[in-house]
Amino acid sequence: MKKNLHFFSMKLGDLCSCSCIKLTCLGKSFGYGMASVYHYLIFKLKPFWLQLCYFMCISFVGFLVLKVLKPRSSNSSNPGPIMAPANLDLFFTSVSATTVSSMSTVEMEVFSNAQLVILTIIMLFGGEVFAFFIELQIEKSKLIVKRKEIVENVSIVVDKDDHGPRINELGEFACNGSFENGVGNFPVANMNEPTAITISTPHHDRSSNEDLKYNSVKYLSHVVLGYLVVILGGGSILVSMYMKLVPSANEVLKAKGINTQTFSVFLIIATFANCGYIPTNEGMIVFRKNSGLLLLLIPQVLLGNTLFPAGLRFVLWVLGKFSQREEIHYMLKLDRKISIKEQVGYPANEVMISTIHCFYLIATVLGFIFIQFILFCSMEWNSDGLYGMNAYQKLIGALFQTVNTRHSGENIVDLSTIAPAMMVVFVVMMYLPPYTSFLPLINDERSIIGCCDQRKKRRRRTLVDNLLFSRLSYLVMFIVLVCIIERKKLKDDPLNFNVFNITIEVISAYGNVGFTTGYSCKRQLNPDGLCKDMMFGFVGRWSNAGKIILIMVMIFGRVKRFNLRGGKAWKLSTQDL
Numbered sequence: 000m001k002k003n004l005h006f007f008s009m010k011l012g013d014l015c016s017c018s019c020i021k022l023t024c025l026g027k028s029f030g031y032g033m034a035s036v037y038h039y040l041i042f043k044l045k046p047f048w049l050q051l052c053y054f055m056c057i058s059f060v061g062f063l064v065l066k067v068l069k070p071r072s073s074n075s076s077n078p079g080p081i082m083a084p085a086n087l088d089l090f091f092t093s094v095s096a097t098t099v100s101s102m103s104t105v106e107m108e109v110f111s112n113a114q115l116v117i118l119t120i121i122m123l124f125g126g127e128v129f130a131f132f133i134e135l136q137i138e139k140s141k142l143i144v145k146r147k148e149i150v151e152n153v154s155i156v157v158d159k160d161d162h163g164p165r166i167n168e169l170g171e172f173a174c175n176g177s178f179e180n181g182v183g184n185f186p187v188a189n190m191n192e193p194t195a196i197t198i199s200t201p202h203h204d205r206s207s208n209e210d211l212k213y214n215s216v217k218y219l220s221h222v223v224l225g226y227l228v229v230i231l232g233g234g235s236i237l238v239s240m241y242m243k244l245v246p247s248a249n250e251v252l253k254a255k256g257i258n259t260q261t262f263s264v265f266l267i268i269a270t271f272a273n274c275g276y277i278p279t280n281e282g283m284i285v286f287r288k289n290s291g292l293l294l295l296l297i298p299q300v301l302l303g304n305t306l307f308p309a310g311l312r313f314v315l316w317v318l319g320k321f322s323q324r325e326e327i328h329y330m331l332k333l334d335r336k337i338s339i340k341e342q343v344g345y346p347a348n349e350v351m352i353s354t355i356h357c358f359y360l361i362a363t364v365l366g367f368i369f370i371q372f373i374l375f376c377s378m379e380w381n382s383d384g385l386y387g388m389n390a391y392q393k394l395i396g397a398l399f400q401t402v403n404t405r406h407s408g409e410n411i412v413d414l415s416t417i418a419p420a421m422m423v424v425f426v427v428m429m430y431l432p433p434y435t436s437f438l439p440l441i442n443d444e445r446s447i448i449g450c451c452d453q454r455k456k457r458r459r460r461t462l463v464d465n466l467l468f469s470r471l472s473y474l475v476m477f478i479v480l481v482c483i484i485e486r487k488k489l490k491d492d493p494l495n496f497n498v499f500n501i502t503i504e505v506i507s508a509y510g511n512v513g514f515t516t517g518y519s520c521k522r523q524l525n526p527d528g529l530c531k532d533m534m535f536g537f538v539g540r541w542s543n544a545g546k547i548i549l550i551m552v553m554i555f556g557r558v559k560r561f562n563l564r565g566g567k568a569w570k571l572s573t574q575d576l
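Numbering-wise, numbering that gives the first Met the number 0 puts 282 at position 283 of the sequence shown, and it's gapless, one number per residue.
There may be inaccurate statements among the hints.
No farther apart than 20 Å at their CA atoms in a straight line, the calculated lysine-lysine pairs in the PhoX-like style are these [said to hold, decoys possible]:
{"hint": "1", "residue 1": "Lys-521", "residue 2": "Lys-488"}
{"hint": "2", "residue 1": "Lys-66", "residue 2": "Lys-145"}
{"hint": "3", "residue 1": "Lys-69", "residue 2": "Lys-141"}
{"hint": "4", "residue 1": "Lys-288", "residue 2": "Lys-147"}
{"hint": "5", "residue 1": "Lys-43", "residue 2": "Lys-145"}
{"hint": "6", "residue 1": "Lys-531", "residue 2": "Lys-488"}
{"hint": "7", "residue 1": "Lys-145", "residue 2": "Lys-217"}
{"hint": "8", "residue 1": "Lys-243", "residue 2": "Lys-253"}
{"hint": "9", "residue 1": "Lys-255", "residue 2": "Lys-69"}
{"hint": "10", "residue 1": "Lys-141", "residue 2": "Lys-43"}
{"hint": "11", "residue 1": "Lys-243", "residue 2": "Lys-255"}
{"hint": "12", "residue 1": "Lys-43", "residue 2": "Lys-139"}
{"hint": "13", "residue 1": "Lys-332", "residue 2": "Lys-217"}
{"hint": "14", "residue 1": "Lys-288", "residue 2": "Lys-255"}
{"hint": "15", "residue 1": "Lys-288", "residue 2": "Lys-243"}
{"hint": "16", "residue 1": "Lys-45", "residue 2": "Lys-139"}
{"hint": "17", "residue 1": "Lys-521", "residue 2": "Lys-531"}
{"hint": "18", "residue 1": "Lys-139", "residue 2": "Lys-217"}
{"hint": "19", "residue 1": "Lys-559", "residue 2": "Lys-45"}
{"hint": "20", "residue 1": "Lys-43", "residue 2": "Lys-66"}
{"hint": "21", "residue 1": "Lys-521", "residue 2": "Lys-490"}
{"hint": "22", "residue 1": "Lys-147", "residue 2": "Lys-43"}
{"hint": "23", "residue 1": "Lys-147", "residue 2": "Lys-243"}
{"hint": "24", "residue 1": "Lys-253", "residue 2": "Lys-288"}
{"hint": "25", "residue 1": "Lys-320", "residue 2": "Lys-332"}
Here are the in silico distance ranges between beta carbons for each label pair [claimed, not checked]:
{"hint": "26", "residue 1": "Met-240", "residue 2": "Ser-111", "range": "22 to 28 Å"}
{"hint": "27", "residue 1": "Cys-376", "residue 2": "Cys-52", "range": "43 to 49 Å"}
{"hint": "28", "residue 1": "Gln-136", "residue 2": "Cys-530", "range": "45 to 51 Å"}
It should be emphasised that the hints constitute simulated quantities derived from the structure, not laboratory data.
For each residue, glycine too, the CB sits at the ideal point set by N, CA and C.
Model the full assembly from the supplied sequences, consistent with the hints where possible.
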């Protein structure tokens, strides 16, 4: 019996040890597999596919989490039980938050506090500044590998126990003495010690350059992280204080049952990321008379997107005044003889711009805002959207509205009531990329060299270049597809479903803005007794196929910077040949 127990215990021990070994091997294999996948994603995939995978992963994970969490049981606009949003609507919302488009197919007050927290995280990860921070981390990983592959220097060790000098590979004497009359004359004091001589080589220079680039990218990532924390943290505190100190704003949240802290953080991150989602069904319309709140949000809109390059350069300039770190001055220098991609790395192509370019960018952004502000005040001053507001509130509201037309998408008026001419201006503003700037035709050596360097690379992918259409061509295709899919509604409900409203919705999704004309049951030619006005976007009334098309438009718009030069193969005139 004892022998059997001993034998059984030995077998059990062997089985456990084998299981542990198998688990260890499985863990190592999994680790190696994940490392291989990471290495492939970082070093093999092109930036376009890498960024596309990043946004799609966030969208799918966000959708799954939103699906698991339960929505609110009731809200201010619907006291009865709330039906959970459909799967497609949840995925649409997740994609919209990831691409910071703020297109909506469900009312925002449907989401519970936990779901609002998840949407906040999704918007943060999808924002322009955080995406740039992730790109810097990827670039840093690439530079670490490059540094390991470079031979830093060549060391020559000379053994002074020999009777004569040893000559290195370059034909130089590795000694501390002199050579006279063909005989080596060496100091006796150093004869018992080997001497190491470091010879500067191109590998050493390249290594120093890679070290400086790595340190610059590492420091820049810390600056961007600090930029995020300070602006988002400070903004959340200020908004939270405002909501608690101003009774009119606080009463809105109490009536809707929205947590003040959640609202403050959600609003600041959405505004800074230029998403435009607001936890209230009415958006910022319900806060249109709270001029102080609007003034707090305007800097967030600008610093999070259109003026991010200028804001980042200003922060580096201030840090350079108080620090002599080589990395700061290296990044601020932006040598015109070297492309930005070679000097700092790929992610800094659009963000790290010269001082003169920053001034032109600021002038362009402020110029667009000024033009829109004048037009909006002249055309909408006495409109229904600004009814009941005093002159000061109208001025601040008009400024807030025009600042948001580029990318944020927060509005204080119902866009369906705005004059068509003003909507055309808004459409043009939504179409423009975030870093659009007016640059006079000057001799920019860095730009010229950059173009020359890129020509050689483009020769290898001329087929891809020829197949790419312009951004406007893709938008026309998407608009035509939506019109085909929704052709029955275009015929039966022309006041709501018309080409102009569809164009606004598509361009708003492409520009990741979120402006929408909405849907009104009052505009139906054949009134439907079952129709009920809902506070979500016009796309919420589209068919599932139309929503899927708009999902594609939002994703395409989020990665549009990779296709800014599309359509170059098409020539509109023989003079362009």
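Comparing the hints with the structure gives:
1. Lys-521 to Lys-488: holds (15 Å)
2. Lys-66 to Lys-145: Given that 20 Å is the threshold and the Cα spacing comes to 42 Å, the pair is violated.
3. Lys-69 to Lys-141: Judged against 20 Å, a Cα distance of about 41 Å means the pair is violated.
4. Lys-288 to Lys-147: Given pair Lys-288, Lys-147 is violated - Cα atoms ~59 Å apart, limit 20 Å.
5. Lys-43 to Lys-145: Distance ~14 Å between Lys-43 and Lys-145 Cα, so the pair holds.
6. Lys-531 to Lys-488: holds (17 Å)
7. Lys-145 to Lys-217: holds (15 Å)
8. Lys-243 to Lys-253: Given that 20 Å is the threshold and the Cα spacing comes to 11 Å, the pair holds.
9. Lys-255 to Lys-69: holds (18 Å)
10. Lys-141 to Lys-43: holds (11 Å)
11. Lys-243 to Lys-255: The given pair, whose Cα atoms are some 15 Å apart, holds under the 20 Å limit.
12. Lys-43 to Lys-139: holds (15 Å)
13. Lys-332 to Lys-217: holds (17 Å)
14. Lys-288 to Lys-255: holds (18 Å)
15. Lys-288 to Lys-243: holds (16 Å)
16. Lys-45 to Lys-139: With Cα atoms ~16 Å apart, Lys-45 and Lys-139 stay inside 20 Å; holds.
17. Lys-521 to Lys-531: Given that 20 Å is the threshold and the Cα spacing comes to 10 Å, the pair holds.
18. Lys-139 to Lys-217: holds (7 Å)
19. Lys-559 to Lys-45: holds (15 Å)
20. Lys-43 to Lys-66: Distance ~33 Å between Lys-43 and Lys-66 Cα, so the pair is violated.
21. Lys-521 to Lys-490: holds (17 Å)
22. Lys-147 to Lys-43: Measuring from Cα to Cα gives roughly 18 Å; hence the hint holds.
23. Lys-147 to Lys-243: violated (54 Å)
24. Lys-253 to Lys-288: Cα-Cα ~17 Å, so holds.
25. Lys-320 to Lys-332: holds (14 Å)
26. Met-240 to Ser-111: 22 to 28 Å: holds (25 Å)
27. Cys-376 to Cys-52: 43 to 49 Å: Holds: the Cβ-Cβ distance is about 44 Å, inside 43 to 49 Å.
28. Gln-136 to Cys-530: 45 to 51 Å: holds (49 Å)
Figure legend: structure checked against the earlier numbered hints; hints not met, in rising order: 2, 3, 4, 20 and 23.
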